[in-house]
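Asker: As a plain string of letters, each chain reads:
2 protein chains.
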Amino acid sequence: GAPPAANDPMWGYFTAIAGQDGEVDAEELQRCLTQSGFTGSYTPFSLETCRIMIAMLDRDFTGKMGFNEFKDLFQALNGWKQNFMMFDRDRSGTVEPHEMNQAVNAMGYRVSPQVLNTIVKRYSKGGRIFFDDYVACCVKLRALTDNFRRRDTMGQGAVTFQYDDFIMCTMAI
Amino acid sequence: GAPPAANDPMWGYFTAIAGQDGEVDAEELQRCLTQSGFTGSYTPFSLETCRIMIAMLDRDFTGKMGFNEFKDLFQALNGWKQNFMMFDRDRSGTVEPHEMNQAVNAMGYRVSPQVLNTIVKRYSKGGRIFFDDYVACCVKLRALTDNFRRRDTMGQGAVTFQYDDFIMCTMAI
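Residue numbers (this note's numbering), protein chains in the order written: chain A, 22 to 194; chain B, 22 to 194.
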């Protein structure tokens, strides 16, 4: 019989983007997100943001995405876009620092005001946060939190990292 | 008397870039590195790379650099540029994956082959590493290693991170 994915409406789309190797790399992802008009009137995603999108889901460290990761990514991106548009009521393409704080809290991350402050400074330009940087921030926060929680098996809120493992889970993001 | 910095040949340069607030932010740094011709025939640094350069030295988390950090950064950049040019003998503007491995080892970082492999995948385009990405990689590796070592006071090669502290030292980079 046909593979289960063949009945999925996104399968044809995925195979067209993935090309011969059957996986999507950062450059293919950038092209696909730009051509599909995902960002709409917002600035297209930078290659850098596309790389961290892949790193977020790439547990086997191949630098590429298979079909299931591709679907996970689109689901996450749609959620972040909806949140962003909810804050960007005047359609300026940017949100304000205090809205970034609200967004981080709404996503369920519990971080101190100092961390929120650092995040806002890191991802803003001229005091405002653009869609591309907003998504980059969401991707990193999710990937780093996932890496942390996967190691914090007892849910103690603390993890002991060996140097090599620390570099592994932070350099790829 | 005059402040000590006034006798430093880089002081006039720094104050011209820093403008009224007396500190250099990522956009000012990008402009300065482009206009000074630092990258030469290589592609200019992206704003993203300039942001992580500042984050590397920005221990007070203001998102800006003072004069001493500015000088530290130029010293580090010159070293990385020399290393890159040593590997890029044909002046293609890129180095190969195995040269990236040599560079990481030459800088004194001891990481596993798996980590090296991840780094190369993350920072290459079409199988080669461009100068901008090479520097971004050097900056991150140094900043993350510094953050780790500062906490590994006994030199045991292991650090226990609380979630908030983990996010603090990885989201800014």
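Simulated from the structure, these hints should not be mistaken for lab results. Among the hints, erroneous ones may be present.
To be verified - Residues of chain A placed beyond 12 Å of chain B at every Cβ, according to the derived structure:
id	residue
1	41
2	43
3	102
Claimed, not checked - One side only, chain A facing chain B, incomplete, derived with CB under 10 Å:
id	residue
4	61
5	65
6	76
7	140
8	166
9	167
10	179
11	190
Here the structure is a predicted model, which means the values were calculated and not measured. Cβ atoms here follow ideal geometry from the backbone N, Cα and C, with glycine treated the same way.
Asker: Give me the numbers of the hints this structure contradicts, sorted from smallest to largest.
Answerer: 4, 5 and 9
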